[in-house]
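Starting from the known structure of chain U, arrange chains Y, P and G with the ligands on it as the hints suggest.
Protein chains: 4
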Amino acid sequence: LYNHHQLHGSTGLRSGSQANFFPPLEDAMLPSGSFNNRMALITGGGTGLGRAMTATLSQLGAQCIIASRKLDVLQRTAEEISSQTGNKVHAVQCDVRDPQAVSQCVDQIEALTGLPDVIINNAAGNFVCPSERLSPNAWKTITDIVLNGTAFVTLELGKRLIQNQKGASFLAITTIYAESGSGFVVPSASAKAGVEALYKSLAAEWGRYGHRFNIIQPGPIRTKGAFSRLDPTGAFEKAMIDRIPTGRLGTPAEIANLAAYVSSNYASWMSGAVIRFDGGEYVSLAGEFNELRSVTPDQWKLLEAMIRKTKGS
Amino acid sequence: LYNHHQLHGSTGLRSGSQANFFPPLEDAMLPSGSFNNRMALITGGGTGLGRAMTATLSQLGAQCIIASRKLDVLQRTAEEISSQTGNKVHAVQCDVRDPQAVSQCVDQIEALTGLPDVIINNAAGNFVCPSERLSPNAWKTITDIVLNGTAFVTLELGKRLIQNQKGASFLAITTIYAESGSGFVVPSASAKAGVEALYKSLAAEWGRYGHRFNIIQPGPIRTKGAFSRLDPTGAFEKAMIDRIPTGRLGTPAEIANLAAYVSSNYASWMSGAVIRFDGGEYVSLAGEFNELRSVTPDQWKLLEAMIRKTKGS
Amino acid sequence: LYNHHQLHGSTGLRSGSQANFFPPLEDAMLPSGSFNNRMALITGGGTGLGRAMTATLSQLGAQCIIASRKLDVLQRTAEEISSQTGNKVHAVQCDVRDPQAVSQCVDQIEALTGLPDVIINNAAGNFVCPSERLSPNAWKTITDIVLNGTAFVTLELGKRLIQNQKGASFLAITTIYAESGSGFVVPSASAKAGVEALYKSLAAEWGRYGHRFNIIQPGPIRTKGAFSRLDPTGAFEKAMIDRIPTGRLGTPAEIANLAAYVSSNYASWMSGAVIRFDGGEYVSLAGEFNELRSVTPDQWKLLEAMIRKTKGS
Amino acid sequence: LYNHHQLHGSTGLRSGSQANFFPPLEDAMLPSGSFNNRMALITGGGTGLGRAMTATLSQLGAQCIIASRKLDVLQRTAEEISSQTGNKVHAVQCDVRDPQAVSQCVDQIEALTGLPDVIINNAAGNFVCPSERLSPNAWKTITDIVLNGTAFVTLELGKRLIQNQKGASFLAITTIYAESGSGFVVPSASAKAGVEALYKSLAAEWGRYGHRFNIIQPGPIRTKGAFSRLDPTGAFEKAMIDRIPTGRLGTPAEIANLAAYVSSNYASWMSGAVIRFDGGEYVSLAGEFNELRSVTPDQWKLLEAMIRKTKGS
Ligand SMILES: NC(=O)c1ccc[n+]([C@@H]2O[C@H](COP(=O)([O-])OP(=O)(O)OC[C@H]3O[C@@H](n4cnc5c(N)ncnc54)[C@H](OP(=O)(O)O)[C@@H]3O)[C@@H](O)[C@H]2O)c1
Ligand SMILES: NC(=O)c1ccc[n+]([C@@H]2O[C@H](COP(=O)([O-])OP(=O)(O)OC[C@H]3O[C@@H](n4cnc5c(N)ncnc54)[C@H](OP(=O)(O)O)[C@@H]3O)[C@@H](O)[C@H]2O)c1
Ligand SMILES: NC(=O)c1ccc[n+]([C@@H]2O[C@H](COP(=O)([O-])OP(=O)(O)OC[C@H]3O[C@@H](n4cnc5c(N)ncnc54)[C@H](OP(=O)(O)O)[C@@H]3O)[C@@H](O)[C@H]2O)c1
Ligand SMILES: NC(=O)c1ccc[n+]([C@@H]2O[C@H](COP(=O)([O-])OP(=O)(O)OC[C@H]3O[C@@H](n4cnc5c(N)ncnc54)[C@H](OP(=O)(O)O)[C@@H]3O)[C@@H](O)[C@H]2O)c1
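Chains as they are written, first to last, in my numbering: chain U, 1 to 313; chain Y, 314 to 626; chain P, 627 to 939; chain G, 940 to 1252.
Some hints could be false.
What the hints assert, rightly or not - Straight-line alpha carbon distances no greater than 27 Å define the calculated DSSO-like cross-link-like pairs of lysine-lysine that follow: (1) LYS479(Y) to LYS453(Y); (2) LYS301(U) to LYS766(P); (3) LYS1177(G) to LYS383(Y).
Said to hold, decoys possible - From chain P, some residues computed to sit far from chain G (all C-beta separations above 12 Å): (4) VAL699; (5) SER827; (6) LEU918; (7) MET932.
Everything labelled a hint here was simulated from the structure, so no lab data went into it.
Source: prediction; values computed, not measured.
Backbone N, C-alpha and C fix where the C-beta goes; we use that ideal spot for every residue, glycine too.
The shape of chain U in the complex, shown without the other chains:
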């Protein structure tokens, strides 16, 4: 009745045509000044999504610190954003895998701006690889950045904030496959799942110290960092768009608006939340019968007639 080609999404509505219904709205969403007098630390803030979140917070009045390994990249980003927004962006070198480096980085932050009000754990590493080709080192490269890195930054800042009786909003950027797992990105899946448990745990434990912890799980948003290591040939992208219900990738500015909301006092009652932001990709993948989207109206009539004629079990 329906052939293999049809089963995989090429009939009926041209895939992605629905994207017109879902235009990205990329202006800053929060009232200007929402982050006045607030300090924000964004790890991995020099590139990609981290950069976009930094730009939005800066535009809304925050003084930002961005931290990662490549100081030159950070400095260029800091300058560009701060020249556009008029608000200071600081660049601090830090390899989050190293607890001592993290501690020194926080020393620097305390000296520069004082302890932050907003922390976004966004630094990560990832690449596609069959798991039987992973060495212990490859495993550790990813999990050290993603899980240990996030833990070191979070625990170090948490301790100092608690000592100073200062509240803060913590946000972690994970991924839609953190809960389900996924083949071919296994160290990332495991580490991001660990990050989610870390943040849900601390949401419960450290509320009493004035801290909130939330999670955003992005779906595919084109950045050089992610796409060059997850889809180097670009061959995967079409299949991805085909199955995203909103028919398009997300944009950095969209996730920046969401992150700003979650980090703002408008969300001061939000803690322990896990927000999927993926154009619907996850539910589209996970639902067992969703591939029937390729059945045409005429085929449905036939199917219905057959089902109606079925008697008994």
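Just chains Y, P and G with the ligands now, kept in the frame of chain U:
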């Protein structure tokens, strides 16, 4: 070492004192005019959270329709909001349990404003009761409103929007116990879980028609409707606040800002998302060792010493 | 690099060849006599999975009652099983949608065998259909059987068991798309999600009365009832097998062994559990990068080289 | 109406009295010989739950290898079990945190028995501690054992099994707070969540090589290793039992039967499953209204009367 009294949250930090760190910010968050020229339907919009969401959308420029059983309540609310915002709010009587009434209500809406761009399924019923005291009728009273009602409204509007090739944002208000289940509110738990599956399913299936489907799971927010049937004596409230990491209940204005964001084009890439908004209550309940929050610093020192001395397994 | 055909699973290992690693073991697993002197009620026990579970429990010594609408089918099954196992199987007509019929059915059961020790809620209805083609009646046909039917049977038995201070094991058969939702089977997804919340809720609430509540989520197992309404042309089956990690469908005898375990005293400490039994299909569907299984070893070498050359983000 | 004392579980049914309904059945459940000619590796098999699983598999015919740091403990256990079952149990020293040690351990296993058919990743470390008192070293002590250790063992065995075209069943022992997170055991929660994602990912990716991956999440089962570090004073245990719907802790023999089933060919179609085995504790904790179990029948009558009198919302 720690006694029964201490195990249940009465030592150390006075419960709820942390609420100072999490002040509600209740002004409208989105840019004014965000919903200009958009029509919004809010079921159960005459009272409680539905009323707050209606007020916010109206303030942001939407033309709203509120629908439920009590026309007088709806009309009073419609008038009050519209006199404050200057934007028309329509009141339409509708018992969502009745598919014909739903169809007629949508006829009326088409006549009044055209099909809506924003749909918020918020109408619900609930009360606390041991399950062995539930009659089949009590079961149906709740599930008919919550699950069938949401389905009838959603399917009726969906069909007409599809025929008119019009996109829309659907939002369902469920609850933090929809996933975990909960004793003593079992019909509500079951029906809300059904609503979540309905919305995740349609997020996958109807994206191609330009529709988004998302879910907000509120934690406790005082409304007359909810609290008079879930905690009629008020005895439960203290225990609830004690375990909420942010130390306070949520406010209707806060959830209205979140709902407005999810329903706006700023979130046009959000579909199939389930957003818990509960001050951290859910993770606080669910984590097996969270009751250790009542252990005092001195007790921790003792515990650590004992653990250190443990040898072997 | 890899073409559309390859992306959808047709290269490398012939799909399903791995099934040799996963041979079904269909003998009764529990010690014989495990259910001696125990009464078991299986709804929908006349056909498909319900029949297989009945056969296994009967073989292990239980006295079984099977209940559904078609008395002739039930009686034939009852006779066949009981002639093979030597243990009585009773057939009782009951439409679970009707609370009065359910109550009368339980009267009959009390008269025949006394209240059951083991209850398996397995009766269900389902068919594939685009949601925009669903009438309110089609919606209710499915949700009335699956959600209300399960609730009526469970609440009626629960009440009487509580009054009699008798413990019992309740098991519900749901589906792998109950949590994720799925397009094209939306009433079933919603109702099964409701059943899961019902059982998790009662696991918490009714433990004090000696009741356990658990859930099995089957993946695809060929039965006439399910497959004639979900894949009437058979066109869907190949795609399903292709993505099941164990390379084959499940068998009724396998799920019967699992159900017998969960219902036995070996699992007397199991309550509130949700056991997916699906050959790995769910995790295979849900993981974002699982489609990379079609990348060949040679292509992986190329991909790795490209990733290695990537500099910066 | 109901006072603080009553809200916390001390009225009505004496807590735990229901345990009589849920007696543990501790005999080996599977047919004898079920694991004849099969090799099983159990990490942490010298003590606690690992020891119990080893004993059951050995009794059912498996040749077992147990591996952990303390060779003397392993040897004593190996001898005791093997003298009871008549089947060889091998003791191999291995610190799972060290990838080289893991590789050498697998060399030894290959020499002793050949690659295993059954792998149970059970080794772990844990202790209770407020997160603000955790040093980076404390964090790494736990996550290195639990997450990296499990990954090193799993990846090393997986690679060699794949090269040898040999299928296997992998089982990981995690915990009920892996998904929800939990304060005061945060490194464990994070690492166990990582393990779950690892196993779900590989269930999807490595099915084609003949491997299955499943997870058991135990609730509280008294072992020296766990209880001496999680509840050194014993003060926590009563509260735990009070909220467990089955009114008691689990026993090592019960989880051993479940693990044997999951690892056997009776479950050859099970992959990617996550089985909670906790007496219902998790659902009891997580459900928002479950504390109402302390309301007495008389109080319910009053509550119902109040709710009935409520008019409007
Ligand atoms: N883009 C997507 O589609 C997508 C989807 C799901 C999740 N995400 C998540 O979104 C976040 C941002 O990703 P992206 O797409 O924006 O990619 P990206 O540009 O590559 O961002 C990663 C950032 O992490 C930093 N980083 C890496 N290792 C570090 C270390 N050891 N110490 C400190 N910083 C380190 C990098 O800076 P340096 O090189 O200077 O250290 C870089 O700025 C990540 O958490 C990613 O997992 C992205
Ligand atoms: N407040 C909380 O703490 C809380 C927590 C979790 C979830 N929620 C959810 O939030 C939503 C709003 O609750 P609320 O607290 O604002 O309580 P509420 O004021 O009682 O709101 C319920 C609304 O539903 C309407 N409704 C009830 N039955 C209906 C029917 N058959 N047809 C049409 N409309 C019907 C009611 O209006 P009529 O009486 O006029 O029909 C009422 O306006 C609900 O979905 C609730 O489950 C609330
Ligand atoms: N097979 C699969 O692949 C699969 C996958 C996931 C889940 N499941 C679930 O497994 C269970 C069994 O399904 P199956 O595959 O064995 O299909 P089946 O043979 O069609 O079983 C369904 C049973 O439900 C009974 N039933 C239907 N409506 C009823 C009503 N109103 N009152 C009482 N009984 C009613 C039917 O008997 P009468 O017609 O005599 O009433 C029939 O015996 C179902 O819960 C299904 O959702 C199956
Ligand atoms: N008991 C419970 O209530 C409970 C609840 C939830 C989960 N669990 C889980 O069940 C499993 C068993 O716990 P248990 O209660 O039986 O406690 P246990 O007796 O302390 O078992 C832990 C085992 O792990 C081994 N181990 C620790 N570090 C290791 C390392 N670096 N390399 C190799 N082996 C190492 C230990 O042996 P050596 O000291 O010789 O290395 C020990 O045999 C654990 O995964 C635990 O998380 C238990």
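Hint by hint, here is what the structure shows:
{"no.": "1", "hint": "LYS479(Y) to LYS453(Y)", "result": "violated (33 Å)"}
{"no.": "2", "hint": "LYS301(U) to LYS766(P)", "result": "holds (21 Å)"}
{"no.": "3", "hint": "LYS1177(G) to LYS383(Y)", "result": "violated (49 Å)"}
{"no.": "4", "hint": "VAL699", "result": "holds (27 Å)"}
{"no.": "5", "hint": "SER827", "result": "violated (6 Å)"}
{"no.": "6", "hint": "LEU918", "result": "violated (9 Å)"}
{"no.": "7", "hint": "MET932", "result": "holds (21 Å)"}
In the structure shown, a violation is registered for the earlier hints numbered 1, 3, 5, 6, in ascending order.
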